[in-house]
Amino acid sequence: MLKPVLKWIDDRTGLISAIDYFFEEEIPASAGWHQVFGSVAMFAFLLQVVTGILMALNYAPTPGEAWESLRYVVTQVTAGSTIRALHHWGASAMIIVVVVHMAQTFLWGAYKKPREATWILGVLLLLLTLAFGLSGYLLAWDNRAYWATVVTTKITALAPGGSILLRVLGTDGNSIGRVTFARFYAAHVTLLPLIMGLLILCHVLLVRRHGVTPAPGDEHKPKKKFFPEQVFRDTIAIFLWCVGLACMVAFVKVPLGHVADPTDTGFIPRPEWYFLFLFQMLKLFQGPLEFFGAIVLPGLAMAALVLMPFIDRGRLVRIRQRTAAITLTALAAIGWTALTATAVATTPRQIEDESLDEPQAWQLIPASQLAGIGAFRAGHCASCHVLGRSLAGPDLLKAVSVKPSDWLMDHFRKPTPDAPESDLPTAQLRALVQLVTKRDDNATEAWRTAPAGPVQGAILYQANQCSTCHTLNGEGGKLGPELNGVRARHDRAWVVGHFSDPEKFSPGSQMPAFDFLSESDIATLTDYVMSIPR
Amino acid sequence: MVNESHTRRSFYINAINVLASLMAAALAIPAAAYLLIRPKGSEDNGLSEVADLSQLTIGKPQEVIYVRKRVDGWHKVTEKASTWLVRTDEHSVTAFNPACTHLACPYHWDGPANHFICPCHGSAFSIDGKVIAGPAPRPLDRYVAKVEGGKILIGFQVDQG
Numbered sequence: 001m002l003k004p005v006l007k008w009i010d011d012r013t014g015l016i017s018a019i020d021y022f023f024e025e026e027i028p029a030s031a032g033w034h035q036v037f038g039s040v041a042m043f044a045f046l047l048q049v050v051t052g053i054l055m056a057l058n059y060a061p062t063p064g065e066a067w068e069s070l071r072y073v074v075t076q077v078t079a080g081s082t083i084r085a086l087h088h089w090g091a092s093a094m095i096i097v098v099v100v101h102m103a104q105t106f107l108w109g110a111y112k113k114p115r116e117a118t119w120i121l122g123v124l125l126l127l128l129t130l131a132f133g134l135s136g137y138l139l140a141w142d143n144r145a146y147w148a149t150v151v152t153t154k155i156t157a158l159a160p161g162g163s164i165l166l167r168v169l170g171t172d173g174n175s176i177g178r179v180t181f182a183r184f185y186a187a188h189v190t191l192l193p194l195i196m197g198l199l200i201l202c203h204v205l206l207v208r209r210h211g212v213t214p215a216p217g218d219e220h221k222p223k224k225k226f227f228p229e230q231v232f233r234d235t236i237a238i239f240l241w242c243v244g245l246a247c248m249v250a251f252v253k254v255p256l257g258h259v260a261d262p263t264d265t266g267f268i269p270r271p272e273w274y275f276l277f278l279f280q281m282l283k284l285f286q287g288p289l290e291f292f293g294a295i296v297l298p299g300l301a302m303a304a305l306v307l308m309p310f311i312d313r314g315r316l317v318r319i320r321q322r323t324a325a326i327t328l329t330a331l332a333a334i335g336w337t338a339l340t341a342t343a344v345a346t347t348p349r350q351i352e353d354e355s356l357d358e359p360q361a362w363q364l365i366p367a368s369q370l371a372g373i374g375a376f377r378a379g380h381c382a383s384c385h386v387l388g389r390s391l392a393g394p395d396l397l398k399a400v401s402v403k404p405s406d407w408l409m410d411h412f413r414k415p416t417p418d419a420p421e422s423d424l425p426t427a428q429l430r431a432l433v434q435l436v437t438k439r440d441d442n443a444t445e446a447w448r449t450a451p452a453g454p455v456q457g458a459i460l461y462q463a464n465q466c467s468t469c470h471t472l473n474g475e476g477g478k479l480g481p482e483l484n485g486v487r488a489r490h491d492r493a494w495v496v497g498h499f500s501d502p503e504k505f506s507p508g509s510q511m512p513a514f515d516f517l518s519e520s521d522i523a524t525l526t527d528y529v530m531s532i533p534r
Numbered sequence: 001m002v003n004e005s006h007t008r009r010s011f012y013i014n015a016i017n018v019l020a021s022l023m024a025a026a027l028a029i030p031a032a033a034y035l036l037i038r039p040k041g042s043e044d045n046g047l048s049e050v051a052d053l054s055q056l057t058i059g060k061p062q063e064v065i066y067v068r069k070r071v072d073g074w075h076k077v078t079e080k081a082s083t084w085l086v087r088t089d090e091h092s093v094t095a096f097n098p099a100c101t102h103l104a105c106p107y108h109w110d111g112p113a114n115h116f117i118c119p120c121h122g123s124a125f126s127i128d129g130k131v132i133a134g135p136a137p138r139p140l141d142r143y144v145a146k147v148e149g150g151k152i153l154i155g156f157q158v159d160q161g
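Protein chains in written order, with our numbering: chain Z, 1 to 534; chain W, 1 to 161.
Wrong hints could be hidden among the right ones.
Unchecked claim - Straight-line alpha carbon distances no greater than 25 angstroms define the calculated DSS-like cross-link-like pairs of lysine-lysine that follow:
{"id": "1", "chain 1": "Z", "residue 1": "LYS398", "chain 2": "W", "residue 2": "LYS146"}
{"id": "2", "chain 1": "W", "residue 1": "LYS80", "chain 2": "Z", "residue 2": "LYS398"}
{"id": "3", "chain 1": "W", "residue 1": "LYS40", "chain 2": "Z", "residue 2": "LYS253"}
{"id": "4", "chain 1": "W", "residue 1": "LYS80", "chain 2": "W", "residue 2": "LYS146"}
{"id": "5", "chain 1": "W", "residue 1": "LYS60", "chain 2": "W", "residue 2": "LYS151"}
{"id": "6", "chain 1": "W", "residue 1": "LYS76", "chain 2": "W", "residue 2": "LYS60"}
{"id": "7", "chain 1": "W", "residue 1": "LYS130", "chain 2": "Z", "residue 2": "LYS398"}
{"id": "8", "chain 1": "Z", "residue 1": "LYS112", "chain 2": "Z", "residue 2": "LYS223"}
What the hints contain is simulated information worked out from the structure, not anything from laboratory work.
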């Protein structure tokens with residue numbers, strides 16, 4: 001049944017014979033495990049294409065919305081976080097295998113005549129792989145993406161013709177916006193894949209044209225077939241690469257930080273791990289030397305790579321005799337590792353604001369109004385004012401109160417002539433005035449839904465007059481730092497300790513010590529301020 | 001000797017096939033789930049207030065334009081929508097989806113003829129939504145509708161027929 005169909009297809013197109021021809025390739029007797037990396041690299045590229053297309057199906061390529069759609073992918077879409085992790089870690093794993101492929105080719109001297117063009121195409125493919133990484137990095141539009149790209153464009157500006165390059169990237173070098181984003185997106189999903197696909201095709205055709213590189217002595221031994229033994233080795237290598245990738249996907253969370261915020265000065269920008277060595281190297285070249293470190297040195301390294309077949313023109317020898325190549329590779333590996341390790345070691349710990357949930361209404365309103373909600377609940381106001389209905393008292397959700405605050409304060413103290421005097425502290429009654437006279441939709445929502453813990457925190461915040469110095473959700477003084485997003489700047493132990501001894505944690509602080517508060521009050525207050533998003 | 005190389009060859013081929021199938025399945029399963037399973041959070045569209053019950057007369061359908069909130073992918077949108085309301089008695093109301101069940105053209109109430117009529121292919125529906133003429137395959141679709149404190153609230157999901 002199938003055979004005549006296949007025969008017809010082959011007869012009319014030659015497709016089956018072409019595949020057979022590809023698999024029947026003759027390879028040298030020494031071919032083996034060291035030559036599997038090219039296939040793995042090609043597989044990695046194809047996997048990136050598949051997962052990239054899947055990502056694009058749920059992605060809005062504009063600043064801001066890009067982040068929203070990515071959050072949707074990782075929190076709402078089934079297997080969305082898996083697909084994203086495959087694409088994210090797949091990129092890293094592809095870079096590893098491309099570099100290993102290059103190192104193998106270099107060590108074995110496979111770039112020598114007549115394979116110079118194959119090697120040069122390979123160097124270009126390495127650069128393209130890095131360009132994929134760089135352009136894809138921005139597309140998440142979180143803080144990490146934004147700041148890494150700002151730095152990248154600044155470095156670009158140093159290059160000769162930098163201003164023209166910047167225009168190509170759609171930026172004046174000072175900020176990153178819609179145009180740059182569109183350029184990076186277009187490069188990442190149209191231009192780069194197209195060029196990459198074409199160059200991979202040429203690379204493979206050249207490998208086919210010149211054959212797999214033999215070892216000295218192979219000319220006296222009978223040749224082998226590519227299929228099935230070498231295909232088996234390639235498949236095992238691809239499978240192991242996939243297992244490694246699957247482990248990363250399963251056990252290491254892909255970060256999606258806070259949406260890009262150009263005003264976030266608390267963020268510590270760092271490039272992706274494979275660019276950390278460049279980042280660290282830039283620290284060694286300061287002042288006028290910066291141009292040398294950022295442009296000349298990487299440029300020379302790339303030129304040396306491209307020209308390698310013309311620098312080393314000796315005859316093909318066994319790998320054990322290639323001591324210079326082995327030394328060079330080892331030195332490069334040591335240098336890379338040292339630079340990367342230093343960069344990692346000297347990076348201060350970033351406290352990630354990892355909450356991707358939409359903020360609740362109570363997280364968005366001023367502390368005074370949330371404290372007012374506490375007063376409403378503690379003062380049993382709901383026995384007359386039922387929220388959402390007009391019974392004994394008017395429905396307070398219906399309209400913002402226009403009563404003067406004196407009237408409100410008197411009413412809160414003694415709601416009706418025969419009601420008992422309220423025992424709530426004046427501060428809480430004032431908070432209640434704030435709530436009924438100033439509330440917006442969020443406060444209305446919070447009125448119904450705010451959990452008890454944060455409400456208690458807001459009452460403490462109000463009672464201790466934190467807002468005299470600190471601004472929170474748009475209300476309060478400017479003497480102390482704004483408390484929105486404090487969770488991204490400090491960890492919990494810092495905030496807890498800071499309450500009892502501010503000087504110890506931030507020298508020169510003018511904040512009085514709140515050491516008279518009980519441990520549980522400090523805990524409640526800490527929970528509250530650390531729950532307020534930026 | 002020939003036999004041994006034959007065994008090796010078939011071992012290689014089997015291993016290639018098994019590993020390739022494993023990897024294809026490992027990618028195809030999450031990809032299918034990603035594409036085919038409905039994302040979370042797309043169903044939690046609440047009720048929208050459309051009109052006061054007192055504005056409607058029993059037996060006289062009325063088209064109402066209202067504003068509803070809807071989850072649209074990664075966005076929460078506030079958009080205009082319309083519905084045909086038919087007050088059935090003192091306390092209840094039927095809310096029809098304003099799209100003909102044939103090919104979703106917007107239909108209208110034909111007062112003199114006392115039925116809904118679709119301008120596209122001539123489907124006609126009685127006041128309770130039943131098909132009385134034309135190619136429409138099923139009665140008019142309805143929104144879940146309830147009356148609370150004199151206000152008419154309708155749901156987002158369409159209840160077929």
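Against the structure, the hints come out as follows:
1. Z/LYS398 x W/LYS146: 21 angstroms, holds
2. W/LYS80 x Z/LYS398: Since the Cα atoms of W/LYS80 and Z/LYS398 sit roughly 23 angstroms apart, the hinted pair holds (cutoff 25 angstroms).
3. W/LYS40 x Z/LYS253: 20 angstroms, holds
4. W/LYS80 x W/LYS146: 20 angstroms, holds
5. W/LYS60 x W/LYS151: With Cα atoms ~18 angstroms apart, W/LYS60 and W/LYS151 stay inside 25 angstroms; holds.
6. W/LYS76 x W/LYS60: Violated, because 34 angstroms separates the two Cα atoms, which is more than 25 angstroms.
7. W/LYS130 x Z/LYS398: 40 angstroms, violated
8. Z/LYS112 x Z/LYS223: 21 angstroms, holds
Of the numbered hints stated above, those contradicted by the structure are hints 6 and 7, listed in ascending order.
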